[in-house]
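Asks: Chains as they are written, first to last, in my numbering: chain Z, 1 to 486; chain L, 1 to 100; chain A, 1 to 170; chain X, 1 to 524; chain V, 1 to 667.
Don't read these hints as lab results, they were simulated from the structure. Fair warning: there could be bad hints in the mix.
To be verified - Reference excerpt, derived from the structure (chain X facing chain Z, CB under 7 Å, subset only):
#	residue
1	10
2	64
3	70
4	138
5	172
6	186
7	457
8	461
9	464
Claimed, not checked - Label pairs and their in silico Cβ distance ranges:
#	chain 1	residue 1	chain 2	residue 2	range
10	V	208	X	59	35 to 45 Å
11	V	667	A	96	13 to 23 Å
12	V	52	X	355	56 to 66 Å
13	V	21	X	199	47 to 57 Å
14	Z	156	A	3	58 to 68 Å
Every residue gets a Cβ at the ideal spot worked out from N, C-alpha and C, and that includes glycine.
Given next are the chains, with one letter for each unit.
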Amino acid sequence: MDINVAQLFQTINLATIMPEIILSVMAMALLLVNVFVPSKSKGYLAWLSLAGLVAAGYTAATGWGLNIPSFSGSVVLDNFAIFFKLIFVVAAGLTVLISDQYMEREGCNQGELYPLILFTTVGMMLMASGTDMMTIFLGLELMSISLYVLAGFNRANIKSNESGLKYFLLGAFSTGFLLYGMALVYGATGTTRIAKIAEAAAKMGAPDTMLLIGALLILTGFAFKIAAVPFHMWTPDVYEGAPTPITALMSTGPKAAGFAAFLRMFLVAFPVMKADWSDLIWIMAVLTMTVGNIIALRQDNIKRMLAYSSIAHAGYALVGFAAANTTGTAGILFYMLTYAFMNIGAFAVVVVLGKQGESNGNVQDFAGLAHKRPALAAIMTLFLFSLAGIPPTAGFIGKFYLFSAAVQEGYVWLAIIGVLNSAASVYYYLRVMVFMYMKPAEEEFGWVKVTAPITLALVVAGVATLALGIVPSYLLQLAETAVKLI
Amino acid sequence: MENLTNYLLVSAVLFSIGTIGVLTRKNAIVVFMCIELMLNAVNLTFVALSRHLGNLDGQVFVFFIMTVAAAEAAVGLALFISFFNNRESIDIDDANLMKW
Amino acid sequence: MDISSVFFAIVTIVAVVSALLVVTCKNPINSALSLVLTFFCLATYYVMLDAPFMAAIQIIVYAGAIMVLIVFTIMLLNIRVDANKKSAHQLVLGSVTGVATLLLAGLLLTRGKLAEPVCNITTEMINQQGHTQLIGKVMFTEFLLPFEVTSILLLAAMVGAVILAKRKLS
Amino acid sequence: MSNILSVMTFLPILGVLLLLFIPKESKGALRGVAMLTTIATFAVSLPILTGFQTNADFQFVENVPWIAAGPFAMRYNIGIDGISLWLVILTTFIMPIAVLSTWTAVEEKVKAYMICLLLLETGMLGAFISLDLFLFYIFWEVMLIPMYFMIGIWGGKNRIYAAVKFFIYTMVGSLLMLVALIYLYFLGTKAGITDFSLLHFFDLKVDPATQTWLFLAFALAFAIKVPMFPLHTWLPDAHTEAPTAGSVILAAIMLKMGTYGYVRFAMPLFPEATHQFTPLIATLAVIGIIYAALVAMVQEDVKKLVAYSSVAHLGFVMLGVFSLNEQGVVGGMLQMLNHGVSTGALFLIVGFIYERRHTRLITDFGGLSKQMPVFATIFMIVTLSSVGLPGTNGFVGEFLILIGAFESSLRWYAVIASSGVIFAAVYMLWMFQRVMFGELDNPKNQVLKDLNLREIAIMVPLIVLIFVMGVYPNPFIEKMTPSVQKVIAKARIEPVATAKAVAPVTVQPEAAPAHPAAEKPAGH
Amino acid sequence: MFDNVWLIPLFPLIGFLINGLLGKKIKNETVIGSIGAFAVLCSFIVSVMTFLKLIGLPGEERVVNVKIFTWMTAGNFNADIAFLIDPLSCLMLLVVTGIGFLIHVYSIGYMHGEEGFYRFFAYLNLFVFSMLLLVMGNNLLLMFVGWEGVGLCSYLLIGYYFHKKSAGDAGKKAFVMNRVGDFGFLLGTFALFWWFGQNHNIWTIQFTELQQNAHLLPTGGVVTIITLCFFLGATGKSAQIPLYTWLPDAMEGPTPVSALIHAATMVTAGVYMIGRMSYLFIRSPETMMVIAVIGGCTALFAATIGTAQNDIKRVLAYSTVSQLGYMFLAMGVGAFTAGVFHLMTHAFFKACLFLGSGAVIHSMHGALHHVHSHDDAQDMRNMGGLRKHMPLTFLTFLVATIAIAGIPGFAGFFSKDEILWQAFANPLHGDLNMLLWGMGACAALLTAFYMFRLVFMTFFGKCRIKEGAEKHLHESPMVIVIPLIVLALLSIVGGYVGLPKLIGDLVGGIPNYLEHYLEPVFANANEYMKDHAHAGHHSHALEWGLMGLSVVIALVGIAVAAMLYLVKPDLPKKFTSAFPALHRAVYNKWYIDELYDFMIVNPCKAMGRFLWKGFDVLVIDGLVNGVAHVVMAFGGVVRYTQTGQIYNYAWTMAFGVVAIVGYYLFK
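With the sequences and hints as input, model every part of the structure.
Replies: Given below as structure tokens:
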């Protein structure tokens, strides 16, 4: 069996993975630059990373509609992947913008941060693009390993250590289940290629137990990444301890990546078993929303609160998944994008208001912000309203589509539970606003300085949150197109 | 060649032992070792299935899992050290600053 | 019962016992050494499964690299005995869950149906062409991309490990 | 000008943009710009009033695609008919008054306050003119935000509780409505409806069982907003804590959203369910009338008293609207306007004395008439209007409602509700007496100043309206009649004798006993 | 031809607006008073012209509707601002504007120097305006406008001295009780409108149209309900049992108000309303009986209370209630003309009495003020012998008293006697007639007694005023006295427009002008009565006898009063100490106010308090907040699952896996 190199290279189209290549090369270049350019300030690395991300995003976007499989079918650049890649670019881009100030303040401003962020982005992109379980697995691991490091990046901070440790152990543990599931699927179908799994599964007629259980174990693995109950337990602790910008990234990028792989696996490989897994996802969605929201009601630490809220948001997205129709999946795509904007926006404000040593991160510390820094409070309000799903913000449109999908599929109760959860969630978002607007300022917020990158991040996130709430049509249509191809 | 099921059973046993270890041990490094044990169990499943199916994809997968395991070990142990530097302990019970 | 079955049984016993030791040993070093033993057993299985290349890298990567790293860390952190003061409920719950996992896996294996063998790789092929070459062919054709990704993965891990384990920042 | 509705609706947003560029220290400029904006909005709304053709069609319609993705198509579809016309005018009319009322009451964070007011105006106008269900929902929710801030930031002691309660309470209801809305839409898509335009859904036949649920969801949202007993408890809190302008707007306009919602959406969309739930809603409305009156009677806080009186008044509106005949619905619509004018004025009045005395407890007052004769006169007129004295606006609405209800199947409800007029007199006059009459024994009250020119200027338009609408309500009625007839035609499920054409008022031969079974008294 | 009738209410409205808006600026009392009085005078003149025009018409054309503009139209409901000019309304116009004008003039003197003088005249004009609407409205709704409008003015004027708590309370009480009545009025309107519309597709509330269609109405049944509703309205407005208690309290208002509103005009609105809809009421024998009985009871009941009051105005107030009872008695026995007749004569003499008492109080007040005494200027125990100081006032007062007591030749005699006779002889109530007559006669006795008691206590005997104050007592100025004289004259001659047929025949065929004049109004009702009830024939002798009896009764009453309060002034004290409980009960108005407080007011307040604190706050809000608290508490519990322990988290995950896999394996 000779290897036909020519034939091999015919299956390879580097354009497919060009975004990943650009980011990887950029990351490596940054590693070198970091070593060889002696500069105390690392801000320029952020701008370089941003440039790389934008380039990667642009490259990805140029592939819209082309739908190129490559590497003998282990990866593909279809609209679905491109949409998610853009989400990752947004998440990572906003993250690098808000990182510099934070890292500077916390005294851990090491240049390696940016390459790691880029690596984790590459991982996410591979998860979105992968059409082979191995690609997905490796993407997931690349993403996770970089994130483990990033979570523990603030080495001097105990919480950061703890966060890294917890994330690592639990992440590795969940990987075990994921892999076991993949093994079972492999055993049941004899292949790791998603398309072939789908073929094999379709041939079986009645779904085989082995395949079903394999799929369920894979589901638990992804559920861990998207922080769905009962695989959510790591989320609050890890989010709270990780450096704030990284928390922002973790709550958006990996969650979206998890959904990307999740959707691709389940909608392409296991649609025949939809009847089996959609009930499960139904229940998970309810639990996830409810648990996330009701615990968030009682949080004082804003990062922890946003962590629980992030669990709840995964629950909303799962509503769309349970429906598993075009509206729902497109809704997830759209929601993940808007969630990236609004959540990182909110975290950006948290970053700005934080003090050295991760202090000043309680809701109470927001007291009177609106009187001293009205613009900051206003934009935070926008993000919070969007998170709460109140029009005319992007968060509302996103939720609208997700719940609509459920209604469309006849899951009216799911939608009702969803909206009730939404209503409950309003309480804790409002609570932040209560402190910002309705309590007297105890401090002058003199230390608060909004640097240029953060301003950019806030403006971009703010404009996007509002614009996607008022004129979401274009992006919704894109999301629609994106999910139609899988 | 031994019956495939036996291999799968052994793998399941090892996987379960690994799970028990993760759930019952306190030392983070031991917990990590147990996770490695779980991964190895999966590896065995893969290889056995690969052999049964007569296709090498599973073994390639194992190769990647090993790579990942190595990478995880590197990062994980670095995290342990970092944690230890601050807490003078490697007990996972001591990772309890953040809760509720 | 033929020889190979007996051998399989012996290896299995060793593997399971050493795995149990990993979980039960109070001293992490002992656990680590038990784990090495388990790895060897697995390597043996791989050989028995006509996967000598996998057996080799099992020894090299796991027993050689990972375990050395682990033992090294244990030594570095100077932890000796796991003062296992785990509460009873944790032990019970953990064990029950673990056993449940096992039972479910067993149940699954009895119920589950595997794919029909494709048999494009046969023992003869392995003997003829060599396992390494066959693996290499697959890895560098069909799974070229994942292979390339591992390089990034390792780089990221390396950078990360360096960052985290570096001497304390001033 | 074909897009006059849009101009009117978004003019306040333009004002907000202007305000953003004014430094927050120059309060005068901030107030001035806000005032000018609201006046300009009012001015823009006047051509709508004059240009409105008295027919049942939606007019000044603008209909352009907005969102189209997935199964949905939302349109920027706005228009006005006889039902929304007056509410829109009421809104634009009340807003300058609200702005003027805060001239000295709000000294802190003037900029934010004015921004809130203007955003609120856009939200409310948008909700009234939306003909697209989705667009309506957006505006419906958008209204909450500025109001939440107004209560929460500029409110009284217990403001945060009130603000959060207001927000979440309303939110719960409206979210359920959202689900119903989506459900309805998908029902519609099966019948070939391709967008959220309200007019399409009017023609949709929904099976009665489904209607029940959809109606309940809509009704809940609206009932909370109205608010109907027993969903009213957010209102006294919100009113008591809100700053004057907030209370005024809340009472005068926002509560109307609920009743408007019934007339515009819940009833015509789900006629069978409307029929089915009429007894329930009428019961709640009547309970609300009596209950709120009794509770209002023993209130110690003037503002809370007025708040409870709102509950009672809106009970009347609901009763009228659900009597589903022309008198009732017209009366209900009219009563919405009346309530807007009189209760708005009452809150302004409470604001005046609060501004002077920083208390709203009835016991802190007494004998103010002596010190503040002009105020006393105005207060008296407004009180009487609220009580529904003939000659004032309050009477016309109440009377039409009651006669409408009496004519419909809600006869006995009307009888009980009529007793509400007694209670209204009791609590309002008692309050008036305790505040304005008696010895002027509190030294703090002895130095009170009468209303100044600005305050009088605020009240005069309202007073004029009180009388104009009381003495000559016909122009108001005429403009809304065709639309009301249309709604009734949609919302009724069976032809009833009263729906016959206006009868010739002559002696009829005795052999014409029209006795349809449907008109038997509701047996409750 | 009656195109200018809208001027009648317009003048007082203009007066109200001028005084109300500019009065404070004008300041000059003469100007303000003149404006007020002039406005009413203009109305009076137009009224007279209208009246003259009307009686110039043939009888059957004497009902004219004048539409001004459409008020409201909604569906089949239509109401116009339109006026009805017919004999009844014209009569009322004359009474209202005539007496109104006199009282305005009187007020200029009486209210001199009062704070808020302009306010008083503004209210008074507003009252006249409302009363005119009530009278002239051609439909139920417009009548209701006036109906409530006069209630409002009554409220405002009772509470004129708003700094007095009692005044405010009294005003509120009046308004609320009137509202109770209005509730009935509204219901009646609804029911009537609905019944005609529903059954005959006649959707109207216009009086003439209703009358045209009255033949469609059944006897009793629904008509009873409708009329009882209306009658409830009448009891409120006209202070009948059970809603009479506001009227005595209403004496807190300035005396001209009492005269105008609470004696001559507003309180008679109920009577007017029944007269206006006689064709309706007559169709329900049950209602007629209720009216008659309640009228009779009120007449008697109020009279008893009147005997024990010491406040001069309160006596007059109870007297008013009692006289109103007479009017209702008349209406209830189908003697509509008699009722209206008594309405008119009562307006004359009671206005005169009130104004006279006002003059007395005015004088007393001035005198007491001079000696810095805080004695009650209205308490008859402080008066006595005033006839020397105020001869003109005394004279007019005496004339009016004789009139009310029912001494032949004076106005009250004719009307009262007519009522008593009709009560006795009416065809409607059968055996009940004796009782009705008895109550009326007893009331007449008591009336004569307490009125003369009043006269004796006030004008005769020793002057009991505080020492030194007596010399400050003096006759009132002309502006006060002239109206008194006019009214006293009217109290004498007013009765001759309605001479009983008996007397008329006797003195040479003088017809009963009033009956003839009102014929078109009550024709429908009278015809119905003729068709449906058969009067027993009563001889002239009986009628003469009863007439004589009533005169005797009046004289007895006067004699007793003279006995007790002139001849042996210490007898009453002995009497009261002999029956202390009885006296206390009568003096305290039979504790009816307390009963109402106990039965209605307090339970309502308690209920309100309970609903607020107990139900609203505790139950409803408790539920609402309870849901929130439960959710919050739940969150507080669930958050502890998040222990921060890795093994816990890992276990949860493993458990999740086991549960999911287990479920699907065992499914």
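Asks: To test your reading of the hints: which numbers does this structure violate?
Replies: 1, 2, 7, 8 and 9
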